[in-house]
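Protein chains: 2
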Amino acid sequence: MEVISSNLNEAIDILKSIINKAAFVALDGEFTGINSDESRAFDMFESPAQRYQKISKIVQNFLMIQCGLCVFVPNEDKKSFTAFPFSFYIFPQDDNSGPNKNGFSCQISSIKFLSQHKFNFNKVFNDGMPYLNSIVEAECRMKIEEKMKSMWEKEDEKYNRAKENKYPYQLSFKIADSDQQFVKDMIQLIDEWLSDNSKKILQFPSCSGYHRKIIYELLYARCTDKNMLPETVREESGIYILAKKLDEKEKAQAAEEKFKTQLSKLDDAVGFCKVIDILRKANVPVVGHNMLHDILHLVHQFIAPLPNDYYEFKEIVNTAFPNLYDTKLMATTEPIKTYFADSSLAAAEKRSQKEPFQNVSIEFCKEIDCKDFHEHYHDAGYDAYICGTVFARMLYYYDTLTEDENGCCNLQSEVLQPFNGKIKMHRMLDIPYLNLSGDDVRPSREHVFVMRFKEPWPLSKIADYFSAFGGAKPMPVPMDETSFYIILLNEKESVNVSNKLVGEFQDFTLQKFESDRLEKTSSAAKRKADSIVNSPTGQIPAKKEKSESTVQRFSQNLQNGETI
Amino acid sequence: MEVISSNLNEAIDILKSIINKAAFVALDGEFTGINSDESRAFDMFESPAQRYQKISKIVQNFLMIQCGLCVFVPNEDKKSFTAFPFSFYIFPQDDNSGPNKNGFSCQISSIKFLSQHKFNFNKVFNDGMPYLNSIVEAECRMKIEEKMKSMWEKEDEKYNRAKENKYPYQLSFKIADSDQQFVKDMIQLIDEWLSDNSKKILQFPSCSGYHRKIIYELLYARCTDKNMLPETVREESGIYILAKKLDEKEKAQAAEEKFKTQLSKLDDAVGFCKVIDILRKANVPVVGHNMLHDILHLVHQFIAPLPNDYYEFKEIVNTAFPNLYDTKLMATTEPIKTYFADSSLAAAEKRSQKEPFQNVSIEFCKEIDCKDFHEHYHDAGYDAYICGTVFARMLYYYDTLTEDENGCCNLQSEVLQPFNGKIKMHRMLDIPYLNLSGDDVRPSREHVFVMRFKEPWPLSKIADYFSAFGGAKPMPVPMDETSFYIILLNEKESVNVSNKLVGEFQDFTLQKFESDRLEKTSSAAKRKADSIVNSPTGQIPAKKEKSESTVQRFSQNLQNGETI
Chain A
1 MEVISSNLNE AIDILKSIIN KAAFVALDGE FTGINSDESR AFDMFESPAQ
51 RYQKISKIVQ NFLMIQCGLC VFVPNEDKKS FTAFPFSFYI FPQDDNSGPN
101 KNGFSCQISS IKFLSQHKFN FNKVFNDGMP YLNSIVEAEC RMKIEEKMKS
151 MWEKEDEKYN RAKENKYPYQ LSFKIADSDQ QFVKDMIQLI DEWLSDNSKK
201 ILQFPSCSGY HRKIIYELLY ARCTDKNMLP ETVREESGIY ILAKKLDEKE
251 KAQAAEEKFK TQLSKLDDAV GFCKVIDILR KANVPVVGHN MLHDILHLVH
301 QFIAPLPNDY YEFKEIVNTA FPNLYDTKLM ATTEPIKTYF ADSSLAAAEK
351 RSQKEPFQNV SIEFCKEIDC KDFHEHYHDA GYDAYICGTV FARMLYYYDT
401 LTEDENGCCN LQSEVLQPFN GKIKMHRMLD IPYLNLSGDD VRPSREHVFV
451 MRFKEPWPLS KIADYFSAFG GAKPMPVPMD ETSFYIILLN EKESVNVSNK
501 LVGEFQDFTL QKFESDRLEK TSSAAKRKAD SIVNSPTGQI PAKKEKSEST
551 VQRFSQNLQN GETI
Chain Y
1 MEVISSNLNE AIDILKSIIN KAAFVALDGE FTGINSDESR AFDMFESPAQ
51 RYQKISKIVQ NFLMIQCGLC VFVPNEDKKS FTAFPFSFYI FPQDDNSGPN
101 KNGFSCQISS IKFLSQHKFN FNKVFNDGMP YLNSIVEAEC RMKIEEKMKS
151 MWEKEDEKYN RAKENKYPYQ LSFKIADSDQ QFVKDMIQLI DEWLSDNSKK
201 ILQFPSCSGY HRKIIYELLY ARCTDKNMLP ETVREESGIY ILAKKLDEKE
251 KAQAAEEKFK TQLSKLDDAV GFCKVIDILR KANVPVVGHN MLHDILHLVH
301 QFIAPLPNDY YEFKEIVNTA FPNLYDTKLM ATTEPIKTYF ADSSLAAAEK
351 RSQKEPFQNV SIEFCKEIDC KDFHEHYHDA GYDAYICGTV FARMLYYYDT
401 LTEDENGCCN LQSEVLQPFN GKIKMHRMLD IPYLNLSGDD VRPSREHVFV
451 MRFKEPWPLS KIADYFSAFG GAKPMPVPMD ETSFYIILLN EKESVNVSNK
501 LVGEFQDFTL QKFESDRLEK TSSAAKRKAD SIVNSPTGQI PAKKEKSEST
551 VQRFSQNLQN GETI
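For the record, the sequence lines run as chains A and Y.
Going by this note's numbering, the first sequence opens with residue 1, and the numbers climb by one from there.
Going by this note's numbering, the second sequence opens with residue 1, and the numbers climb by one from there.
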């Protein structure tokens with residue numbers, strides 16, 4: 001179902017009616033960009049907190065313009081699913097509020113890529129639904145209420161100020177000779193209207209902003225009983241002022257109507273955040289493929305501006321989506337990584353059709369119109385549907401590995417549980433995922449060294465230099481043209497290299513992987529520990545773990561899953 | 001005519017055939033944004049150089065995505081025109097080169113505005129023509145030539161390196177056990193191919209980047225006669241390597257073909273810059289409505305990155321387009337400003353249909369297809385057409401003011417000439433235009449003061465404070481919540497105010513408009529004077545001026561045209 005501003009409420013009704021029956025919801029986003037200077041600075045040995053800082057900056061520049069959600073409802077046979085795919089077109093309302101009020105960036109290749117995959121930019125820019133997270137919504141609501149409370153006081157002030165004006169005809173500013181006639185004409189028009197009880201409304205001719213300013217001041221100056229309310233009307237044919245006479249009852253009504261209109265506009269502006277709210281409240285597992293950018297965009301655009309602090313970010317995601325699974329991480333980790341030489345979504349879908357995976361029967365729902373469903377990759381709704389399909393096939397296979405009797409596609413499976421809250425990270429050498437549900441992996445870097453060159457050496461010469469110590473893999477340090485990470489192939493040689501090779505030499509210096517980096521991570525971890533002590537529950541939400549030992553066994557897979 | 005990548009050459013042929021007959025070319029651009037933090041900092045008393053700095057930053061962020069050019073060719077009767085309108089859809093080629101390689105920004109309201117006016121973003125993103133200015137083009141050409149020269153040397157190096165590799169089967173890296181069989185299979189495939197003289201080409205199966213790296217190394221290691229050339233082919237179905245056996249003659253041919261292909265790709269990448277080149281070489285007057293952003297975008301995207309120095313910018317524009325006219329400036333300046341209370345393009349078009357203006361007969365050309373021409377505002381081709389129409393009507397009216405006998409629509413008219421090279425500036429109080437053709441206006445600021453408050457005062461109280469000195473208009477200083485500019489209504493009181501009111505008081509300090517600002521302008525002007533002395537011709541390109549005194553008389557209009 002393609003969802004734009006005009007059919008959002010229809011989509012929300014359908015979503016509400018099925019979300020509580022869902023086994024899981026698959027998610028995918030399309031963005032205006034994913035790479036910038038920040039990603040060029042990705043360092044394969046940085047901490048998840050450092051990586052978060054960089055991706056956070058990227059995400060704040062770009063925009064998620066389409067969000068796909070595919071709700072998977074198990075059928076009665078518990079062996080098949082009905083899928084409800086939605087593609088939400090999303091675009092900010094205006095330059096005035098929300099996290100993207102200052103505009104957004106586009107990466108040329110991302111725009112071209114989407115365009116080549118038939119992404120409909122005209123639809124998203126013209127019909128995309130807005131969004132306003134609950135924090136901004138509350139601020140706007142308060143402002144409207146305050147404005148309404150003081151509405152008549154402010155009107156009174158305008159009458160009073162008009163009396164103080166000293167320029168001819170009670171204006172606050174001198175007018176040019178060429179406008180004198182205009183002022184006289186307007187005064188005549190206003191005075192005639194005010195003295196004619198049969199005319200409640202006066203429509204002025206459309207005119208420039210400067211002339212409207214004159215008309216406004218004249219209206220307040222000439223109306224002595226203060227029972228008049230002017231408003232500016234903007235139409236295709238021009239902009240004009242409409243003045244109305246109101247008695248006390250009508251004044252109250254006018255205020256009430258204005259209040260209702262503004263609240264209704266605010267409600268429309270909340271837009272896609274209503275969908276995210278339904279998802280959050282349903283507490284249903286959320287599945288994505290390579291979902292780090294998706295999750296950061298979801299938080300930043302629809303929940304709360306991305307915090308500077310990584311641990312605060314983790315807390316926000318954990319509260320909003322306590323059950324997240326990343327099929328990319330699953331595809332690159334035991335027990336199934338051997339089957340996914342290519343772990344892209346399309347390749348994973350193709351591979352998961354074959355043995356040892358079983359085909360899971362998934363039918364599109366009949367309740368919503370899937371005729372307009374774009375069956376091609378990079379439509380977010382389709383990608384979400386495919387991701388959910390791959391997830392279901394993986395789950396069925398996991399079930400065959402355990403003696404669990406919960407039936408097929410068991411989300412409590414002890415093979416699946418270690419993946420809960422873990423999101424694939426790229427271009428990291430020994431930390432394959434960001435762990436939202438607990439502490440991040442802290443691998444030993446004892447076998448890693450940094451070699452800084454005064455004179456450049458070829459890669460092969462660098463590798464050869466460590467041949468007596470079991471060999472080493474040199475890798476360039478990003479944003480630093482003179483340094484290489486040295487990763488010993490035989491970790492047991494770490495002490496020998498430390499003792500015999502570390503130091504300053506003619507062409508280079510060799511150091512152990514800087515301990516200050518680890519210290520940075522530790523201090524951040526300490527900050528996190530403090531924040532947990534001070535949190536309401538005093539602990540990270542614990543995962544439901546059926547069999548501690550089995551989970552631990554499969555958790556080992558995760559730790560060892562990613563190799564160089 | 002809508003021009004996209006695929007029909008650019010056709011449009012260029014038409015343009016070349018008519019440009020030398022043109023009286024003038026009207027120009028309009030559509031952008032992804034026009035306002036940012038920089039425009040919030042616009043100061044009504046800053047110098048044109050300071051304003052340039054701010055607009056330059058804005059322009060470097062956003063993108064011109066459509067450029068409208070309308071060529072006006074006078075008919076034989078010299079009283080009517082044939083118009084050739086073009087709407088060029090423009091989009092950068094990739095993330096690798098050109099001024100917008102790092103992406104671009106979008107302003108929400110600009111995107112919404114264009115979208116509401118039926119702007120076709122899908123067309124621009126998918127079919128838009130690229131651009132590469134002559135500086136970047138030359139750099140790319142040089143790189144291609146260098147690469148071609150060293151092509152066979154580099155191939156030789158690869159064969160030599162392959163021999164040095166020491167891991168099993170001559171690889172430069174250790175491979176995992178799981179890949180051993182793959183390596184053996186590939187070696188068998190390669191060796192069989194090399195020993196079979198009947199097979200010139202070997203297509204490998206599509207595989208991952210890692211596996212392609214293995215194949216590449218194996219190819220160079222196994223081929224001893226060095227007469228083999230591999231390439232990577234990317235197709236929908238996958239990415240694979242194609243290896244060819246080549247004799248010396250074929251090698252030369254292959255190099256030649258590769259060179260030609262790359263130069264042809266480069267030529268395509270130049271795209272819209274070819275159009276701008278035709279316009280520059282034709283030396284035809286260029287007309288725009290409110291064209292400051294258009295000109296900065298034209299320079300930055302299609303000629304050369306915007307320089308930091310304002311005077312360098314002026315020189316670039318003057319060289320590229322020595323005859324520029326801005327209809328917005330003309331509409332807001334004597335002798336016709338009284339007719340244009342609203343000087344927007346649409347309003348100016350409407351007003352210029354009536355007296356004292358005459359309707360000028362303008363017909364669309366028959367040579368190009370105008371069926372797809374979007375007759376609505378904010379299509380750049382249509383806006384350019386309308387702008388040119390307004391310009392022609394203004395010219396006809398100017399002709400009635402002089403006794404010039406050059407015929408109708410005289411571009412050498414002494415009423416028009418003072419507008420040459422002057423572009424409308426907004427939100428400036430006493431400098432109505434940026435002057436590309438000479439020194440900028442340097443108005444006296446003797447009657448301007450700055451009042452900095454320690455305690456806030458209401459506007460009316462501030463104005464009253466100067467009532468004994470003929471009154472004053474207070475205006476907030478941008479980005480400074482505690483200061484106001486004080487503009488005396490009676491300039492003759494400047495000395496009195498300086499003597500009696502300037503100083504530090506309990507609530508505020510009052511100072512003369514800071515002389516340091518003027519000093520800044522002067523030092524920049526001096527720099528400019530220096531650069532002129534050092535320039536090849538030693539002078540700013542002089543304008544052709546028929547009657548010095550009459551031109552001066554009309555120039556006075558320009559100086560006095562803009563009032564508060």
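Be aware that one or more of the hints could be misleading.
A pair counts as met if it fits within one copy or between any two copies, since identical chains are not told apart.
What the hints assert, rightly or not - Dumping the calculated BS3-like pairs for lysine-lysine here, alpha-carbon to alpha-carbon at most 30 Å:
1) 512 to 184
2) 226 to 337
3) 244 to 174
4) 158 to 473
5) 473 to 258
6) 281 to 112
7) 101 to 112
8) 354 to 454
9) 184 to 154
10) 461 to 154
11) 54 to 101
12) 473 to 154
13) 265 to 101
14) 473 to 184
15) 200 to 245
Don't read these hints as lab results, they were simulated from the structure.
Against the structure, the hints come out as follows:
{"no.": "1", "hint": "512 to 184", "result": "neither (86 Å within a copy, 38 Å between copies)"}
{"no.": "2", "hint": "226 to 337", "result": "neither (77 Å within a copy, 39 Å between copies)"}
{"no.": "3", "hint": "244 to 174", "result": "within (27 Å within a copy, 85 Å between copies)"}
{"no.": "4", "hint": "158 to 473", "result": "between (76 Å within a copy, 20 Å between copies)"}
{"no.": "5", "hint": "473 to 258", "result": "neither (69 Å within a copy, 35 Å between copies)"}
{"no.": "6", "hint": "281 to 112", "result": "neither (36 Å within a copy, 32 Å between copies)"}
{"no.": "7", "hint": "101 to 112", "result": "both (24 Å within a copy, 13 Å between copies)"}
{"no.": "8", "hint": "354 to 454", "result": "neither (53 Å within a copy, 77 Å between copies)"}
{"no.": "9", "hint": "184 to 154", "result": "within (27 Å within a copy, 85 Å between copies)"}
{"no.": "10", "hint": "461 to 154", "result": "between (79 Å within a copy, 19 Å between copies)"}
{"no.": "11", "hint": "54 to 101", "result": "both (21 Å within a copy, 20 Å between copies)"}
{"no.": "12", "hint": "473 to 154", "result": "between (73 Å within a copy, 24 Å between copies)"}
{"no.": "13", "hint": "265 to 101", "result": "within (17 Å within a copy, 39 Å between copies)"}
{"no.": "14", "hint": "473 to 184", "result": "between (87 Å within a copy, 23 Å between copies)"}
{"no.": "15", "hint": "200 to 245", "result": "within (5 Å within a copy, 92 Å between copies)"}
Consistency with the previously given hints fails for numbers 1, 2, 5, 6, 8, ordered from lowest to highest.
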